Each structure stands twice: as structure tokens, then as C-alpha cells.
Amino acid sequence: MLYRTAGQFKTSYEADHALFPVRQDAFLLGFVLVLAFVVFPLFASEFTFRALLIPVLIYSLAALGLNILTGYAGQLSLGTGAFMGVGAYACYKLVTIFPELNIALAILFSGFFSAAIGVVFGLPSLRIKGFYLAIATLAAQFFLVWLFQKWGWLYNYNASGAIQVPNIEMFGITVAGPLASAATQYYFVLCFVVLMTVFAINLTRGRIGRMWKAVRDMDIAAELVGINLMKAKLLAFFVSSYIVGVAGALFVFLWRGAAEANLFDIPLSFRVLFIAIIGGLGSILGNYLGAILIVALPVVIGAVPELFGMSISSATVEHLNVMIIGALIIAFLIVEPHGLARLWAVIREKLILWPFPH
Amino acid sequence: MDLLDAIFVQPFADMAAAPDFLLQVLWEGLVGGVLYALIALGFVLIYKSSRIFNFAQGIMVVFAALTLVGLYERGVPALIALPLTLAVMFVLAVAIERLVLRPLVNQPDIILFMATIGITLFLIGFGEIIFGGENKVMITEQLYIPTGSFLFEPFGGFVSIEQKDLTAVIGAVVLVVALLVFLNKSKIGRAIRALGDDHQAALSVGISLSTIWVIVWFIAGLIALATGIVWGARAGVSFALEVIAFKALPVLMLGGLESVMGAIVGGLAIGILEKLFEIYWGQPLLGGNTEAWFAYVFALVVLLFRPQGLFGEKIIERV
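So the protein lines, in turn, are chains A and B. With positions in the first sequence counted from 1, the corresponding number in the working numbering is that position plus 84. With positions in the second sequence counted from 1, the corresponding number in the working numbering is that position plus 15.
Keep in mind that the hints were calculated from the coordinates and are not lab data. What you are looking at is a predicted structure, and each value in this text was computed from that prediction instead of being measured. By construction, the Cβ of each residue, glycine as well, lies at the ideal position given by its N, Cα and C atoms. Honestly, I wouldn't trust all of these hints.
Now the stretches of chain A that chain B is said to cover, found in silico as 3 or more residues with beta-carbon under 8 Å [unchecked claim]:
{"no.": "1", "region": "105-119"}
{"no.": "2", "region": "250-258"}
{"no.": "3", "region": "339-349"}
{"no.": "4", "region": "352-360"}
{"no.": "5", "region": "369-380"}
{"no.": "6", "region": "403-411"}
Which chain A residues face chain B? A few, computed with CB under 8 Å, are given here [unchecked claim]:
{"no.": "7", "residue": "LEU160"}
{"no.": "8", "residue": "ALA220"}
{"no.": "9", "residue": "LEU222"}
{"no.": "10", "residue": "TRP237"}
{"no.": "11", "residue": "LEU238"}
{"no.": "12", "residue": "MET302"}
{"no.": "13", "residue": "THR400"}
{"no.": "14", "residue": "TRP428"}
{"no.": "15", "residue": "ALA429"}
{"no.": "16", "residue": "ILE431"}
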């Protein structure tokens, strides 16, 4: 009923390959965008912005970057956190060396630094495969975090060893730093995320995306049909690390406000990996669903005991949180190993046929 | 020139100048390596029999050690707490097989890997709620592990060897030999190896997948307990121990994911080399704490030359 596709005829290949072959998909996306751009900012409080909306957007961007590498090109990465760190530190250096530089440009540039480093650590992927490749990204993870701590130049030799985001203005409005308002930061991040998503969607559904999928499904076969493996894999590392780096810069500049080296340690990498896997590998939509779940879950679990009038110490809540998230990850993997995106695909399929079962 | 000298000449001169210190460093590295090898062994067993990359091995070490100490603190005598802990590890193995592995059978590797991370998180939360998050002291004396140290005086200097480290090394050797005999000679051991070679063929000759999985996870739990005791005796029992799981990963990659021998050789090599590198190159040249990444970079370099690890099965790819 709601999703009836009857009567939507395609008379050309272009129409069949369009971004939205079904009209309702476009309506739905428009609805979500209206929610994101108009409705949420109208009703959200400062807390909602900082604890839910902004982190969901940033985490989904990081997961999107990872998903391009792991979900589309099939190269397992456990070093996402460190690449986010590269983006953040690069942006910090750019802002301190060129204070006049527009912050949006600085963030876009900093992605290139993490992309370059991603390509360097992606080189072993030409020879090492599967779980063995995880070691290359883990080497990046531990080496880079160590570097963030030891190389004083990166944090301008300040005593705390942490990077602090100064107040930064763009076109007369403070967008980053302690003085910025949460709503401004939300819009700033939202624009970035929308931009990157459009870029990622078009990349993955075109020739490059198909090349990546062929490499993921079987790289030897892909090589035999004429795909240049080196180009495909390194391009995947480049694009993925670029998006992850931009997410890292946003992570520090538009959300955390300050960062120490160990913020980018392995738990962050795993967090992003969870989001990508629970959302669904090889899907763009999944990253957003996964991020919503992983970010909202602790907030919800924290609020539940109060609803029932129980008082539990905050330490216990913290531990319960970890435990429940662990159990939920297993439960989700059992129920739908292909992630939330597949769950949505199944529901959509059902809606199209509804009220008929087949 | 100074730099080249500091990299290629000075460290070796230092080694030659103080051979007793070098011996001490080598011994420390060896003990660390034994522990890495033990953890890697737990990984390899599970990977061989079920192709699961078990990230939870690290937390199993912590959980086993915590259970042992926790039981003792609640008034259970140490020698009774030990078998009780083993019983807990058995229950854990059964629970993991029932609740996690069985429903996820035949899923892609990365999904199973994620599931073991889920197990890790669950056990962290569970362990902290039951036993509390603070540091605990391993009940070394109550388990009759000697705690003194031997002093040697070679080359005019002196080397001190702690008795509990020596016990750890001997215990690890015994454990490994027992395990190899078990895997190669016993019926169950053969079944485990058969399952590692080919799941379907093993199933078709009547090997029960679920029974073997429980046994394998229980053995991994047993190794975890042994590791927890010896590591806990050195550094105390806390959740920080969990990070040693990350140390075991490069060991595994270096040795080859399927090879018991590889886990042992890789563990010892990484233990000794990272200590040497830290003392003679890391601290003077790079500002120290290079142990955080040395193992990974070393494993990565070796893998570039041997993509299946030192002892791994040769990867043959067909279209």
C-alpha cells in the first residue's frame, strides 16, 4: 500500500539505474532530511545536540569511511581510530599554522593527510589478505597513537599533551571552540555528512564501486577480468581514510573540543567497526542506523533505572552498559548477521507487496 | 653520521660492554615471550578447530584469574578454588557454544570475530559487577609458587632470576608438551585436528561439532587460567591485563594462524626482540614505550615476505 510500485514504469536504462528507481524512496529520504534540517533543531535541547545528534552524525561518517574499505572493497581494517586521529591532528596543525584558513577548508584538507597515511598502510594489502591484513592496520593503530603522544610538534609542545580547539569563526559565526552554539555545530556537521554521503553513494554505485565489489568478492578473479588490483585497493584505502580523517577532524573540532592521544586508541576503532557491522557491511544506509543504535543505547540504558524508580550507582550502570552492549551485539549478529540495513530491506520488500504475502 | 652510529654501532657496543645486563634483558624478554606464546596458543587452538578468530582470549585470561582470586577472597581455600575456577571456565565454554557459536554457525569470519568482541564486552561488564574493578593481588604463595629469586654472577656482573618467572617458564613448557601430546595422540585431539582440516568431512565420519567446540573452548579456558596465574603473579590481576590479547595478535600473525609451533616460536621471538629493541634502540633514540607498536611493525615486515606467517599453511588461491 504505502510502498506500491505499480504504475512506475521505466522506459530507459537511465531511469532504471537512477538513484531512486522507486518514487517512495525519494519521498522517504526527503522526509528524513526535513527531520534532520528543520524538525530536530527546532525541538532539540543543548543536551540532545551534544549527546545524541552530533555524535550520531560523526560516528556515521566514520563508519561510512570504514564501510567503503571493509564493506565495499573487502579489506578488514582495525585502525579507524588512528586514522581519525590523523585527521584531527592535521586539522589542528593547519588551524594553528594558518589561522586565517576557513575551518571548513581546513577540515577538508586534513582528510588528505589521513588519506596519504592510509595509502601507506594500505600497501601491504597487495600481499597480505584476510585476517593477516588486520595486522597492518593494527600496526598503524598502535604506531600512530604512540606518535601522537611522543611527537611534541603535533600538539605544539603544550604541557598537557592534549590538543585544545580554539574559538574559530566562519563568516562571522563561531563554529568551533567553547563559544560555539550546539545548533551551529550541528548544522555544520550535518552539511559535511550530507556532502560526504552523496559523494559516497555516487562513488559506490558507479564503475569504481563495482570494481571494489569485484575485488571484495574474489580478488584473483577480479584481477583476471582486468581490474588493476593495486589501483582498486589503494583507491579504497585513499577514499576510506579521507572520509575517516574528515570524521576525525569533525570529531575533535565540532564535538569533543579537546583530545588526548589515547582518545584515538583501539576502543574507538572497535566502536566504529561495531557501527559498520551492526548497520550492515556494504551498505550506506546501515552506517546511520548503526550509529543511532550504538550512540543512543547507553543513553537509553542510563535512563531506564530512573523510570522504574531504582537507584543504581553510576559505576554499576557503567558496567551494566558494557555488559548489555556486548550481549546486544551478539543478539543482533544472531538475528540479522547482515545488519540493520538488511532488516530495512526486508521490511521494504514486505511493504511493497503488502497486503499480499508473496 | 651520529645517527647511523647510534643505530648500528652504539647499541651493540652497549651490549658487549655489559653482558650481564644483556642476559637480564634477554631473560625478561623470554618470560614475556612465554606469556605471549601461551595466549597465542589459546587463539590457535580455537582458530584451528573452528576458524574463529577469538578475540575473547584476553578477557578469558582476566576472567579466570579474577574468579580464582575472587573465590579465595570469599574464603574458599586456594587449592579448592583452583578446580572451582576450572569448573567456571567449563560452564563458560558450554555457555559460549550454546548461546553464541551454535546460532552463528556458518557465518562469515568477520561476523564471528565481532561476536567474540561481543563476548569480550559482556565478560568485562560481568566481571566488574561481580568482582569489582580494582586491582587484586594474585594468590601466589597460597598456590605454592615460590617467590624468591636466584642470583647468578656471570661475566663479573649479576643476573637475577625470579623463581616465579622460572616456575612460569617451566609450567608453560609442561603445558605445551601436554597439549601437543593430547592433540597428536588422543582420540579427541585427533578429532580436533580433523575438524580443523575439513568441517564437513569430520562431521560425516561422526565427529560431534558441538562437543569438540566445548572441549576446545574449555582447553582455551584452561590455558587462560594458567596464563592468568603467571601473569597475575608478575603484574597483579586487573582488567588492564585484557590488552595482552592485542599482544598475542602479532604473535599469531608472525607464527601463522594455524600453527601451534608458530605460536610458541612467534611468542618467544616477539617477547625477546621487543625487549631488546626497547632497551637498546627505543629508549635512547625514540623516547621509549616502543613496546606498544614494535610487535606489530615487526610482524608486518615479516608478513610482507611470508604472507601466511612463518609456520602457517601455504595459501593457495584458485578462482
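Hint-by-hint comparison with the structure:
As drawn, the region 105-119 of chain A meets chain B at 0 residues by the rule of a beta-carbon pair under 8 Å; below three, the given contact is violated. Residues of the region 250-258 of chain A lying with their CB closer than 8 Å to a CB of chain B number 0, which falls below the three-residue condition for coverage. Three residues within the 8 Å Cβ limit are the bar, and the region 339-349 of chain A against chain B gives 0, so the coverage statement is violated. As drawn, the region 352-360 of chain A meets chain B at 3 residues by the rule of a beta-carbon pair under 8 Å; at three or more, the given contact holds.
As drawn, the region 369-380 of chain A meets chain B at 0 residues by the rule of a beta-carbon pair under 8 Å; below three, the given contact is violated. Note: the region 403-411 of chain A has 9 residues with beta-carbon separation from chain B under 8 Å; the three-residue rule is met and the coverage holds. With a least beta-carbon distance of about 7 Å to chain B, the hint placing A/LEU160 at the interface is held under the 8 Å criterion. Taken as an interface hint, A/ALA220 checks out: its beta carbon lies about 6 Å from the nearest beta carbon of chain B, inside 8 Å.
Taking 8 Å as the C-beta cut-off, the interface hint given for A/LEU222 holds, the closest approach to chain B being about 5 Å. Taking 8 Å as the C-beta cut-off, the interface hint given for A/TRP237 is violated, the closest approach to chain B being about 13 Å. Interface restraint check for A/LEU238: the shortest CB-CB distance to chain B comes to about 13 Å, outside 8 Å, so the restraint is violated. With 8 Å as the threshold, the beta carbon of A/MET302 comes within range of chain B, its nearest partner Cβ sitting at about 7 Å, so the hint holds.
For the restraint placing A/THR400 at the interface with chain B, the shortest Cβ-Cβ distance is roughly 6 Å, inside the 8 Å limit, so the hint holds. Among the interface hints, the one on A/TRP428 is violated; its C-beta lies about 18 Å from the nearest C-beta in chain B, farther than the 8 Å criterion. Using the Cβ-Cβ criterion of 8 Å, the hint placing A/ALA429 at the interface with chain B is not satisfied: the shortest such distance is roughly 17 Å. Hint on A/ILE431 is violated. Least Cβ distance to chain B is approximately 21 Å, over the 8 Å limit.
Checked against the numbered hints listed earlier, the structure breaks hints 1, 2, 3, 5, 10, 11, 14, 15, 16; every other hint is satisfied.
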